[in-house]
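J.: Sequence:
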Amino acid sequence: LSPSVEGGRREEEREKRREKRREKRREKRREKRREKRREKRREKRREKRREKRREKRREKRREKRREKRREKRREKRREKRREKRREKRREKRREKRREKRREKRREKRREKRREKRREKRREEVGA
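Per our numbering, the sequence shown starts with residue 1, numbered consecutively.
Honestly, I wouldn't trust all of these hints.
[What the hints assert, rightly or not] Calculated lysine to aspartate or glutamate pairs in the DMTMM-like style (CA-CA distance at most 25 Å, straight line):
#1 Lys24 to Glu43
#2 Lys92 to Glu107
#3 Lys16 to Glu27
#4 Lys28 to Glu39
#5 Lys20 to Glu43
#6 Lys48 to Glu59
#7 Lys36 to Glu12
#8 Lys64 to Glu75
#9 Lys88 to Glu67
#10 Lys44 to Glu59
#11 Lys64 to Glu51
#12 Lys80 to Glu67
#13 Lys92 to Glu111
#14 Lys68 to Glu79
#15 Lys92 to Glu103
#16 Lys44 to Glu31
#17 Lys56 to Glu43
#18 Lys96 to Glu75
Everything labelled a hint here was simulated from the structure, so no lab data went into it.
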């Protein structure tokens with residue numbers, strides 16, 4: 001093997017090694033880009049899930065507030081009905097008392113008339 005051939009072969013080997021290193025660096029860069037894209041997608045998915053959870057919590061709070069308002073309205077209606085019933089009972093009792101007083105007065109007047117008639121008869125008999 002002549003020295004010139006030997007030199008050429010060494011040069012080729014060096015070039016091959018250089019090319020391998022270049023390829024490795026290129027592959028590393030590609031892998032980094034791939035990883036970045038993967039990470040971005042992952043982050044997007046995470047964000048979507050977070051947003052969904054947030055929305056769920058918001059919806060729950062909204063529903064709670066709605067339910068509270070509904071309950072308040074229900075309670076108001078209940079209270080109104082209770083009050084109406086109370087008022088009716090009060091009115092009935094008032095009416096009963098009025099009626100009793102009326103009856104007493106009627107009875108007194110009847111009694112007075114009876115007494116007058118008795119008095120008249122006594123006088124007639126006595127005369």
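J.: Against each hint, give a clear statement of whether it holds in the structure.
T.: Cross-check of the supplied hints:
1. Lys24 to Glu43: violated, 28 Å
2. Lys92 to Glu107: holds, 22 Å
3. Lys16 to Glu27: holds, 16 Å
4. Lys28 to Glu39: Holds, at about 16 Å.
5. Lys20 to Glu43: Between Lys20 and Glu43 the Cα gap is close to 34 Å, so the pair fails against 25 Å, i.e. violated.
6. Lys48 to Glu59: Holds: Lys48 and Glu59 sit about 16 Å apart, inside 25 Å.
7. Lys36 to Glu12: Given that 25 Å is the threshold and the Cα spacing comes to 36 Å, the pair is violated.
8. Lys64 to Glu75: Since the Cα atoms of Lys64 and Glu75 sit roughly 16 Å apart, the hinted pair holds (cutoff 25 Å).
9. Lys88 to Glu67: violated, 31 Å
10. Lys44 to Glu59: OK: Lys44 and Glu59 at ~22 Å, within 25 Å.
11. Lys64 to Glu51: Holds, because 20 Å separates the two Cα atoms, which is no more than 25 Å.
12. Lys80 to Glu67: Holds, because 20 Å separates the two Cα atoms, which is no more than 25 Å.
13. Lys92 to Glu111: violated, 28 Å
14. Lys68 to Glu79: holds, 16 Å
15. Lys92 to Glu103: holds, 16 Å
16. Lys44 to Glu31: Distance of about 20 Å is within 25 Å: holds.
17. Lys56 to Glu43: holds, 20 Å
18. Lys96 to Glu75: At roughly 31 Å apart (the allowed maximum being 25 Å), Glu75 and Lys96 break the hint.
Violated hints, in rising order: 1, 5, 7, 9, 13 and 18; the structure is consistent with all others.
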